[in-house]
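Keeping the supplied structure of chain A fixed, place chain G upon it in accordance with the hints.
Line order of the protein sequences matches chains A and G.
If you use this note's numbering, the first sequence corresponds to residues 12 to 377, in order.
If you use this note's numbering, the second sequence corresponds to residues 786 to 983, in order.
Think of the hints as simulated: they come from the structure by calculation, not from any bench.
In this text, a Cβ means the ideal position worked out from N, Cα and C, and glycines have one as well.
The hints are all genuine.
A few chain G residues facing chain A, derived, Cβ under 8 Å:
(1) Ser897
(2) Pro904
(3) Asp935
(4) Ala936
(5) Leu939
(6) Tyr940
(7) Lys943
(8) Leu944
(9) Val971
Residues per chain, in single letters:
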Amino acid sequence: MRLESITLSDFRNYKRSDIRFSGGRNLLLGKNGAGKSNLLEAVYVLSTSKSFRQAKDSKLVRWDTDGFMVRGVFSSTRGKYTVEVACGREGKKLFVNGTPEERVSNVIGYVYCVIFYFDDILLVKGPPASKRSFLDLVLSTTDPLYFDNLRRYLSVVRHKAKYLKDSTTVDRNLLLSLNEQLVQFGGYLVDKRSELVLFINRYIQEAAKKVYPGGPFLELKYHTNIAGEGKIAGGASTVDLFVHALERCGRQEIITAQCIAGPHRDDISFMDENHDVRHFGSIGEARLAAILLKLGQASFYTNSRGVVPILLMDDIMLELDMRNTERVIRLVDPQSQTLITTTEKSKLPEIFQYDSVFTIIDGRVN
Amino acid sequence: MENRGTIQHLINELTKLPGIGRRTAERLAYFILKEDGGLGKSIADAILDVKRRVRFCEVCGNMTEKELCEICEDNRRDRGLVCVVEEPKDVWALERMGTYRGLYHVLMGAISPLDGIGPEDLRIRELLNRIEKERVKEVIVATDPNVEGDATALYISKLVKPLGVPVTRIASGLPVGGDLEYADSVTLSKALSGRRPL
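Looking at chain A on its own, in the form it has when it is part of the complex (with noise of 0.2 Å):
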């Protein structure tokens, strides 16, 4: 998919811009501060309606107004269409061609993008709880029922802490009732994430015979409690494996008076030979697995909802060698629109073609 053209209005430092972009290689360049990554930010707000940055809705406004507005035109298989999301006084609003929904969150699925940026190195050398924020985002943009498993058995993980906490006797009822459920939703996930993990390992496995002969030999790996060691082995099925580890842990998490088995507890990692990237990588090998990983998270779209997505790529060759930038350059889809910012062009590798530049200064784009 495609994104045309975009207008911002008291967006961060924008006051308003419009701006036509190729269809390929959009470079945007500028000094820091500039404006480079609000721009990215624009477009990653269209996608689900909430800054990649963590960023409240407030902190969105520019500077000493009331609200913002982002619209962008886009065309796909569906044809054109724009989505604007606009947030004023009275909370954020949505439009899809000019006609309002009814909940923000029905953003989902309108545009696909894909954001490389500095704290995706939490991916990889982060707390599990990054990671596992990671492959809910990617599966919930793909499958609204995955998000509504995610929605339930998180409560019912509350509901069960909270119980074992409170009660000096266990009803054993209950705690089957309850167990039941986790089993039920928290098993779907199990499904979807190991799924995921899995398709994006095969697609570093193959970037990897692609440009790097002779490694790294980087492997992504999913890591569930209720597999007891390493992966889900084959046979048992998820169900089967989670009710063993609920029967295993029952005692534990009564004394404790904690939820233990189950995925709110999973991790993914990379491995290099063995050695585990987020105790032992370099800082440039991390970089590049985070890389691999959400290029994996592009490829996934692609494979699952026939689209491939946009590419919003914020100077993410900051701890990368020329050498590994051109790697990378190499494995971007070539069918993929891509925005990417930088504050000089020669930090760029010369085989990158780009079909467009914009140069920022201060909120404006020439």
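Showing chain G alone in chain A's frame:
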């Protein structure tokens, strides 16, 4: 100043109602104050009347002005069928349908540890007593299709099944008469996965 205290008292009492915030309570209180057609008194009388006369049926927990509600008293009803619901208003919803001929059992809520509501706070023991005393042939659980309602349904089934009485759960899916294109994607996905052969 004394008047302010009186009206403030009314506002404070109104904010204790569900769904009524400070602003709405103020609006209601000033409206009642200004209105001079006797509305204030008739509301007060109606509230007193309800509190004095309406109570909960001793058998099923539904609202009634007698010892037993009219559904429990009705001999034409199928006494072997008990439909379990969360609130008395759910009985009304099912009765509006007009085709259900069994009895009801109102739990007065759903299991929700986060709100401090456990099985002992609901009328579950009364349900088990009923099943043991009366000849119940089937228990239909019609609690809300959310996490709390589902947990309650599972819990009830665990207690009732050992008594040899079958327990069923009402189905959920697409609304009848609704257009497919207007259904939200979660409902639609669930309806699809719960499809039946024709």
